[in-house]
Amino acid sequence: MTAASLEVREVSVGYGPVRALSAVSVDVPEGAVVAVLGGNGAGKTTLLRAVSRTLSFHGGTIGSGSITFAGRRLDRLTPAQVVAAGVVQVPEGRQVFARMTVADNLRAGALGARGGRREAARARERVHELFPVLADRAHQRAGLLSGGEQQMLAMGRALMARPRLLLLDEPSLGLAPLMADRIAETVREINARGTSVLLVEQNAAIALRLASSAVVLEVGEVALAGPADELAASDEVRRRYLGIADDGAAAPEGTAVEPVPAAPVLRRWSA
Amino acid sequence: MTTFVELLLNGLSIGAVYALIALGFVIVFRATEVVNFAHASLLLAGGYVTAVLRDDIGFLAALVVGVAGAALLGALIEFLVIRRYRGRDHSVLAIVTIGVDIVLLAELTRRIGSNVYPMGDPWGDGVLTLGGVSVPHTRVAAFVTAGLIIAAFLLAFRLTSWGVATRAVAEHPETAALMGIRLGRVSLSAWAVAGGLATVAALFLTVFPTPGLERGTSLAALKAFPAAILGGLDSTTGALVGGLVIGVTQSLATGYQSDLTFLGRGIGDLAPYLVMLLVLLVRPAGLFGTRELARV
Ligand SMILES: Nc1ncnc2c1ncn2[C@@H]1O[C@H](COP(=O)(O)OP(=O)(O)OP(=O)(O)O)[C@@H](O)[C@H]1O
Ligand SMILES: [Mg+2]
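First to last, the protein sequences are chains A and B.
Each residue of the first sequence is one higher than the last, beginning at 28 in this note's numbering.
Each residue of the second sequence is one higher than the last, beginning at 276 in this note's numbering.
Bound-form chain B, shown alone:
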């Protein structure tokens, strides 16, 4: 039972981090109808800036610069690349983001090489034990931080002019333009927000028990894609639920791996994709989505 609770808590924590990533993915999709395949390398870029700077300017300042840097990078990608293809077929745009991803990833891989960058975070390898259940401090921090950021984000989405503009564009770009909403700005801000959220996620993907940021970190980030897709690509609620479902599934499947050997080895890593496929079989638009993937 203790194991189960520990796995569940770990899963919820990692799920909240996936939700951060998925949220960025969904917000870009809603504002621009682009399936952003460069999201994982945006995450790696933000994490890399944070990891490299933390010796010189300290952890917190490095994180702030990392978040701002990835936001800027996201905005730049939108401004220099995506904007030129606006109005084109969505599949063309998706392929353009794959191109961006390849370029970014090549450069980051070259810089990171085989290094592992510890994040130098204040939580270290401390473990919180309550009634026999132990959870690393980093997992608690991840859950609380991600939860707060997501709450702030959703409030802003609901209440601010930025949120109203983004939702209007998501629903009908031409009509939004008729209201005087500037589509370019909405799209730019969505990419920036996605970059910022991804950097916070990068931090929590690379702290204890993970040794640090490495070139493979973007692979870990890829698990958030099934989260976004199973929740419904155009639904912020879906991103949250999808993130948590994937996190918990992965945690439980990894934890009970020895009991699940009949499913083959490495089921923990596969589980997110299996869950996604199962959900899509039943609900092609995802749990909360309104648009089927076929329309992407």
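Extracted from the complex, chain A is given alone in its bound form:
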């Protein structure tokens, strides 16, 4: 089998007349954690929808470009076929099935995976190891879980399909810092067990800590791309996504970071 890497090449996406992505390219090599950063409306969720083939739920279409995983074109498959190929998404806002029990949510996660009961049972064991709270709350309605627990459930549910590549859409959204750190720790653990991760985040601090490389999206285009440590050190990212005021330190020389045209810098007068 070819290496299980995701290659998004020059993908453009529109929602009717609205252009949401223009010629966006992102690579997730096998075993890597790659972060996608960007503010509200940058097109992060759209990118994940394009990979998971759920754009049609929103009236969106891929205009041009290609998406391949492990050498196979994804952009002609159904969402179910993408899951079967090993690419599974944890959607923005968790979207647990609130009226179903925690156990049934996990069962739902296994429905799209290949393999039988035994594989599903083993996957559940792994998920319970990773998130013991899901075992304790197995028979409770998912809607009654806290935000952090729901995020764990959403991730556990996706892991039930035994993905080779996990797509995470803002897993730290709305979580207290402690819980966000915990989720980050789990992402690292999932990755250590051999699952590649494409991590969409507005929380650049967390994302750049986890990822080996990252791309920054701005209004549907790749504004910056490069190794995570270099991005974390770059002025542009520090100012705009890490919330650190420019203290005069220039970006390291000769980095792979390509700066975007200067954008107006907003600062509080007291800063």
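For the record, the hints were derived by calculation from the structure and aren't laboratory data.
These numbers come from a predicted model, not from an experiment.
Do not rely on the hints blindly, as some may be mistaken.
Claimed, not checked - The calculated label-pair distances, taken between Cβ atoms and stated as ranges, are: (1) B:356 to A:100: 30 to 38 Å; (2) A:120 to B:393: 51 to 59 Å; (3) B:436 to A:157: 19 to 27 Å; (4) A:145 to B:384: 52 to 60 Å; (5) B:544 to A:152: 52 to 60 Å.
In this text, a Cβ means the ideal position worked out from N, Cα and C, and glycines have one as well.
Dock chain B with the ligands against the given chain A, drawing on the hints supplied.
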């Protein structure tokens, strides 16, 4: 008192049959968000196949073929018509089902004409009498059969992969798709199940004391709509409770009609709709529903 008990038992029995119909209605709504106005003609189709075949292949085989036939017809409607409109406005879909209903009903009415088809069921016009209370065998059979089918259905809904997939789609279709659940399959199976359940209901709507299946049978089936709506369109529990409430109301109102003349004649047929309206006034989403009709 005897009259009351008899009316109550009759009402529960017919209510269980309404519950079968309402359950099919609810399952289609949950899996596809479609208010299925073709449900009554699906019922008539299943009943018609059963009634026509029973002379040649016997009652039980005819019923099996009828159930399978209506399931197939439901699946076909989903596959050929509903699927093309998926993702469109729900009111468009509801109107599409009205179109399907008109076509189906026209064809069935043409075939049935003014005939009345006896079902040839094994219960005939026998009556069970216990302590002065008499209930037709058909009513006992209806209650027991409908009860067993509903129990089996609810267990499957709770425990099987099919049930998990259907509930997931009902709650959030896009997320269900992200789990690799095939929405087309879920929707197809819901329509098939609805057709099958409706055929069993058709049988019990047309056995003694009703003379048999006729073109008006689908009108009798329409009373299950208020059952589904008052229970809450998206609730299986609601379908059960709604069915029983409507059945008992109708039975009592018809039985005591002479005492209720101040409400006008034909109160027995009107009662289901009155009850539905009253419930909706108090609880717009139905007794157990989570979605208001306004969102349909
Ligand atoms: N269903 C839709 N119809 C029309 N436009 C849409 C739709 N969904 C998203 N868009 C537009 O596409 C662009 C990208 O949206 P997207 O949701 O991908 O951004 P995002 O980076 O995920 O933002 P956020 O951080 O707020 O989640 C936005 O301009 C948005 O308005
Ligand atoms: Mg988003």
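Hint by hint, here is what the structure shows:
no., hint, result
1, B:356 to A:100: 30 to 38 Å, "holds, 31 Å"
2, A:120 to B:393: 51 to 59 Å, "holds, 57 Å"
3, B:436 to A:157: 19 to 27 Å, "holds, 23 Å"
4, A:145 to B:384: 52 to 60 Å, "holds, 54 Å"
5, B:544 to A:152: 52 to 60 Å, "holds, 58 Å"
Checked against the numbered hints above, the structure breaks none of them.
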